[in-house]
Every structure is written in structure tokens, then in C-alpha cells.
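Enquirer: Since the structure of chain A is already known, use the hints to place chain B on it.
There are 2 protein chains.
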Amino acid sequence: MKYCFGVDVGGTSIKMGLFTMDGEILDKWEIVTRRENQGENILPDIAASLKAKTREREIDLDEIKGVGIGVPAPVTGAGIVKNTANLGWGYKEVSKELHEMTGLAVQAGNDANLAALGEMWLGAAKGWDNIVMVTLGTGVGGGAIVDGRPLVGANGAGTEVGHVCVNYHETRKCGCGKTGCLEQYASATGIARLARVRLAEDDTPSVLRGQEISAKTVFDALKQGDEVAEEIVEQFGAYLGHGLANLAIIVDPAVIVIGGGVSKAGDIMIPYIKKYFLNKAFFANKETEFMIAKLDNDAGICGAAKLIIDN
Amino acid sequence: MKYCFGVDVGGTSIKMGLFTMDGEILDKWEIVTRRENQGENILPDIAASLKAKTREREIDLDEIKGVGIGVPAPVTGAGIVKNTANLGWGYKEVSKELHEMTGLAVQAGNDANLAALGEMWLGAAKGWDNIVMVTLGTGVGGGAIVDGRPLVGANGAGTEVGHVCVNYHETRKCGCGKTGCLEQYASATGIARLARVRLAEDDTPSVLRGQEISAKTVFDALKQGDEVAEEIVEQFGAYLGHGLANLAIIVDPAVIVIGGGVSKAGDIMIPYIKKYFLNKAFFANKETEFMIAKLDNDAGICGAAKLIIDN
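If you're matching them up, the sequences are chains A and B in order. Each residue of the first sequence is one higher than the one before, counting from 86 in the numbering used here. Each residue of the second sequence is one higher than the one before, counting from 86 in the numbering used here.
Among the hints, a few may not be true.
Partial pick of chain B residues on the chain A-facing surface, computed with a CB cut under 7 Å [as the list claims (entries may be wrong)]:
#1 GLY212
#2 VAL231
#3 GLY233
#4 GLY238
#5 GLY260
#6 THR302
#7 ASP305
#8 ILE334
#9 ILE335
Hints in this document: simulated from the structure, not taken from any laboratory. Quick reminder that beta carbons are idealized off the backbone N, C-alpha and C, glycines included.
The following block holds chain A by itself, in its conformation from the complex (with noise of 0.2 Å):
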């Protein structure tokens, strides 16, 4: 086998990669997302782009190992969704689906997961084989690779830490009819909240006053030294860190990942988190290391090459 696929299954767009098993990039390109009639037309139009692809590289069907697809929605070990979203799909065998319209072999995954498992194989966390993944972007969402393998679980939906509770005394609801959840105040959309919050309870002078509040704008601010940006990421800070410590003293990553938009703002951003999860870390797990996502939008078909090679 010379050869395999990675799709990365989002709510606007689909990513592909054509890839070497041993992880070189040969090809990317993207198809839009057909949503209509309840996502009927997406794994179709997959299918064809696939097809397509290995006509154009005049590739065998028989030097593909097969294809690796993430999907915006738990995905059983089975390669079974339940209900998305994002797509439109209710109940969607993908894998089996997916492997009767191409005959290649398919492995379906949680997106977020094989985000995850593309840091380990080719971004951040190369090398390590315990690590957690947490995308900061809309909402929060997380994948763990246990022993090289993503957690998977009993419902696919293993590590969505987005929904860890963090703060017991919340009672605004997060999206998911919940309160409390990490996602309220380590997504984009939470820290631009926790900023508006800051903002209105004094006069303290910022530069943020005046701006439109975003997570980008607040950790601009961060790097020009202003203070109440400071106090602003000290809040994320402690949630994502507490939230992560949670996280570590389950999962015992050697490695966590932090990715996604508001990852943008870079290293800056991880003395503010490292400080809280010391705080509430077990001793087993204060040698945990923290860096910044490396794949950018190329985690997903990477983490989804890597499922089908190493099933």
C-alpha cells in the first residue's frame, strides 16, 4: 500500500488529503458541504471527489489503503453516527456507507479526536502517544489519544471537555442546556463575554474600551501590556487551566495540545493556563507539557489519514 485518504467532514466545507503512509501531504483540496435534504449528498459527493482524485494521480484502488473520515459529531468504534449538528445526518452508518460507494476500507472518527491525532502524528505533540487535544474556536472541543489510539467510548462521544463543568455557581446555561461548562468561557465567544463583563463593572482605562470585543482583540491587548486584558486572560486562565487539570488527572497526557482560533494568540497564552492547572493538577501530572497546535486547519484529514493507516 502506497497511499491513503483523509477527509475532514465541517458544517461549510470538506477537506481531503491524499497522503504516503508515512505522512507526506501529496494533494489537499475541499469540496463544499451540501447540507440540503438532510446531508444526503455528502458522502456521495465525497465518494466522487475521491474517485476523481485517483483518476487525475492515476493511482490504483489497490495501492490505497483506504480512507480516514472526521465528522463534526460522536462517531461509534463502529464508524456509526447518531445524530449531527452540523450535517443533517440522523442515524448514518458512515463507514459502511462510505466503503460501499468507493470500495476502499473506511475508518470514520470524531473530528476533534483526529484533530488530536494529527498533532501526534505530524504537528505539536510528534513522538508522544499520550496526549489531549483542546480546540478553542466557537465552542471548546477536545480528543485524547490514549496509548496512540483515540478515545473513542462507549457512545463515541469520549472527551468532550468543552462541557466539563468548571464553575459549580454558574446559572447562565451553555448552549448545551447545562451550566457551568468550560465552553462558556474558553471559546471565543466566552472570553469575549468574560471581557464585556470585566469592561462594565469599572472605568479602569483599557485599550479594549471602544473596540469591538473579540478573544483576538482581548489578547492583542494582552501583548500591549494593558491590565485589565491581563485580568481578563487571568479569568480564562483559571477555568481552562482548572478544567484541563480535571482532564489530566483522568486521561494522564504527557502532552495537551491547545488549538483552534483563539490559539492564534500563541505562547502567550499558556503561562496564564500552566499557572491554574498546577494549581489543581495531581502530583502525577505536573510535568505535563503545554504547546501550541501546529496543523492549523490540516489536523483533521491528517488525524483521519492516520486512523485508516494504523487499523
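Expert: Structure of chain B alone, referenced to chain A:
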């Protein structure tokens, strides 16, 4: 291969069992844990006892798949212990040393992880392969089984659930040096403390007044319909249910098994735990089943035997 041994090393005694490969316990016995001189006799004593048993039963070494051994400390995937609180050992290559002493294949693991594996193999969670076991004794321990295998982690410290933070406002310290650990509320000593604090609050009549307070007397009072005891168990259930919800969000188990001395109170405790679990559980984990452990003190030797069988 017809047989294997399961060994469970505790601070006062070492439990041992001879198993068939399909899980019949042919024999079980105990020896004393000699902790003096940094526990230097522990592994030789085990090796001698296993040898004596094979002679007594006229079993050939080549009929034995090997020895699984559980240790009350973090144990890495390679069978290495870095330190122990109760055995006197510092750094010790458990699997390697016991192999050299016995000539048998050896697999070592953390005792709480192996108790979980035992309950999955022969106990309450028989038939599942994604489970969590939480052990409520003097402290709170735990083990997770992911896809049939113990979650070991980078440092062998996976699933130290007793030290998950469930109360960010606690000021009293746990034995581990942190504050707000689950162990401070859900262990036998934690429950007794919750009881003493509640009884001191006012003069509400209770059968607990004038008794020696323990987890057992609290649950006995609950069974008699004592209202103060019920309030205490509500508090216990809230902390444990919240901690297990955070754990389930990470590990996504089909079943949570409650073991240890406190669990002898039986099924009466489950509704109190489950109520708070459901309050903080992610939607994908709402179907998680709760069960009381079945194997009692045999869980450790059963899991140890299963570890070597699966290797």
C-alpha cells in the same frame, strides 16, 4: 496455556489467585505484605508463593500464561513504579523483576485499574468494554477501561478520580495537598465528616446523634428513614454525581461501577448519585448505567489475571 495467576498487592496483605483462562478461580490465598526495608521482600515473597502453588498443584510452568500483578501506585505501561505511598518501594521495575524471579511472563498495573478490569471481566460490568469503576474506601480510587483495556496514561496515573476537583471553594486540604478533591466528600472518612458538620449545624433529631459516626452508620440511618442522614447522603451524592459526570464527559463509559467499603450500603445510594450525575452529564452520557460492584476483594486478582490473559 491453561492457567494464569492474578496478584493484588495491598499495604497489609497480598491476595493471589490461580485462574483458568476462561475465568474460573481454582484457588485463592493471601500472604502478609512485608513492608520493612523498603519492601525488599515483597516480590521475592510473591515469587516463592507462586512457585509453591505450582508445585502443590503439579502444574508445569509452560501451562501458565503468566502473572498479572496489581500495585497501589501509578504503574507505567512498561510495568515500572516510580514511588509508592504504602509499600516502601521507590523506583521499581515490577514486571521485569518478578519475571526474573519466576521465569513467567508478568504484566503489572495499577490496582484500581485492575479492579475495574476484574469487574468488567467477571463482575458487575460483565459484557461491556467501556466502563469506569470508582472505589469508595478510606480514600477514593478509580479505574477506567477503554475498549476493553485499562486507561494507563503517560505516567501510569490514569483515572485518579479521587482527586478531581468538585468544589472550587473548599479551603480544607486533601491528603494530596490540593483542595476540593472528590475524596474529601465521597470517601468513608469524607462522608463521616459531612455527617459531623451537618449534625453540628442544628438540633434536628436524628438516630445518628450519640452514635459513633461512620459512612456505615449514615447509610444505616438512611435505611431507617432518618431525614438528617438523607441530607448527608444528598451532599455525598451531589459531589460524587458531579465528579462522575465530569469523568463520563471525558471517558464516555457505558457503565459506572461503584465499589469499595462504602458501596456495601448497596443500591440505595444509586439514586442519590444518579440525580446529580444527570444534572451535569453531557447529553451523550445520560444513558450511563450505575451498578454496585460484585467481586468485593476479588476484583483485583481477577483484573490482574485478565491483564495477563489479554496481553
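Enquirer: Taking each numbered hint in turn, which are not upheld by the structure, reported in ascending numerical order?
Expert: 1, 3, 5, 6, 7
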